[in-house]
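Build the full structure now, drawing on both the sequences and the hints.
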Amino acid sequence: VIGRRTHDPERSAAAYVSGEMRQRERRRFEAHLLVCEECWREVSLGWRGRGRAEASREIAPAGLRDEIRAALSIEPHSSRLPRRLVLGTTAVVLIVLSIFSAEEIRDRHQPPTIAAAVAAAHTETLASRGPSTREPPDLSSQGLRLIMGERVDLAGLTSDAFMYRDEAGESVLLFVSGSPFPVARGATPRTAGGEGWRAQSEGMTLVCGDRPVNYLVISENPSLVGPVEHMITTTNASPA
Amino acid sequence: VDPHEDFLNSTMGAMDLVYNIARRMVPGVEDARDLVQETYLAAFAAWTKGRKPDHVEPWLATICLNLGRSSYRRRSHRPQEVPLESARSIPDKSDPERAALASLEAAALHRAMWLIDEGQRMAITLVDIVGLSTAEAAAAMKTPRGTVLSRLHRGRRSLALLLGDQVKEREP
Chain A
67 VIGRRTHDPE
77 RSAAAYVSGE
87 MRQRERRRFE
97 AHLLVCEECW
107 REVSLGWRGR
117 GRAEASREIA
127 PAGLRDEIRA
137 ALSIEPHSSR
147 LPRRLVLGTT
157 AVVLIVLSIF
167 SAEEIRDRHQ
177 PPTIAAAVAA
187 AHTETLASRG
197 PSTREPPDLS
207 SQGLRLIMGE
217 RVDLAGLTSD
227 AFMYRDEAGE
237 SVLLFVSGSP
247 FPVARGATPR
257 TAGGEGWRAQ
267 SEGMTLVCGD
277 RPVNYLVISE
287 NPSLVGPVEH
297 MITTTNASPA
Chain B
11 VDPHEDFLNS
21 TMGAMDLVYN
31 IARRMVPGVE
41 DARDLVQETY
51 LAAFAAWTKG
61 RKPDHVEPWL
71 ATICLNLGRS
81 SYRRRSHRPQ
91 EVPLESARSI
101 PDKSDPERAA
111 LASLEAAALH
121 RAMWLIDEGQ
131 RMAITLVDIV
141 GLSTAEAAAA
151 MKTPRGTVLS
161 RLHRGRRSLA
171 LLLGDQVKER
181 EP
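Just so you know, the protein sequences line up as chains A and B, in that order.
Convert by adding 66 to the 1-based position in the first sequence; the result is the number in our numbering.
Convert by adding 10 to the 1-based position in the second sequence; the result is the number in our numbering.
These are computed hints drawn from the structure, not numbers from a lab.
Some clues are possibly wrong.
[Unchecked claim] Quick list of in silico lysine to aspartate or glutamate cross-link-like pairs, DMTMM-like style, CA-CA up to 25 Å:
no., chain 1, residue 1, chain 2, residue 2
1, B, K62, B, E15
2, B, K152, A, D219
3, B, K152, A, E86
Nothing here was measured: the structure is a model prediction, and the numbers come from that model.
In structure tokens form, the structure reads like this:
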């Protein structure tokens, strides 16, 4: 029988559910469970929680293994090399040259809404205000899987945010708002099918337009921006 | 023996383990991938200096925990922010119903995991998700085993309650 001094339902339930009790100890505890409501409850919740935790197990993304191999081969003695810098020396040089032009390096202070959107695309993190109010465009035919749809606040501009991911794990963010997005610094104007612009900022490609709704598409991969923009301009994305 | 290949052959099998820890230490997917890479680079640096462990999994888990605490914790704990993938997921319309339900459940699970105490989340991650023993988890967390057991149970209980699980009534 579990005595008063050793009656600790939390630790007993943890060890029991983890399978870390010796056979004799386990038998005693199982006998105790029959008469102790508190321990029964803790074990019951412990089993359910463990099952939930096990169900949340993930598989490392495809490509991460190759990235690590590349990182080790490029900088064998480095222990602090950010992953995004280890995409290949040539690729990094090209990206830096093409994206961070001298003009942009001088002019990196974007309007707060644009800066917030770019930061969200970089960190994949945003403050949620609740579920999105619009129906998200279906881009499955473009190989883009919808990950989430949220109502967000972009530095004062309320917007719906939809994130998609392709099979390679790259993401693209679509913002749709009832208010116009500010123009990014360094943007190139476009007038086809309404007012809009295209810009590069912090390694991200941004495309903005105002028909049929105000939208902003952002991705690190420029080829992911086009399909999303095409979909938003060819479907009705009005509030649901 | 090529040290790269020796290291990779010995440690690559544990990548899912490291990734699962990283995903529960930092909210963003990209930060998690960075943390996994930093873990492997740090492990390789130690490996080439002759510090090869008897058991790779707890060794990598410890490195990942230490790196996660020291270099990611502050910037990852942004108040009132949630990782996008832990927010409400909307199932792909082209997926069958089962995939949609699975997607919703996965999002709810991930969100619940981020709502519980960090110490409890780490105990659950190390024991229930990556399969370390409570003794190994205690060593990795630099915490007494009894504390790990308490955190483990409280975390499991919180997860169950957050996700609406009910205690099954004992049959009379």
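Outcome of the hint check:
Annotation: proposed proximity of B/K62 to B/E15 holds, straight-line Cα distance about 14 Å (limit 25 Å). Distance hint between B/K152 and A/D219 is unfulfilled; the C-alpha atoms sit about 40 Å from each other, more than 25 Å. With a CA separation close to 19 Å, the supplied pair B/K152 and A/E86 stays within the 25 Å bound.
The structure shown violates just one earlier hint, number 2.
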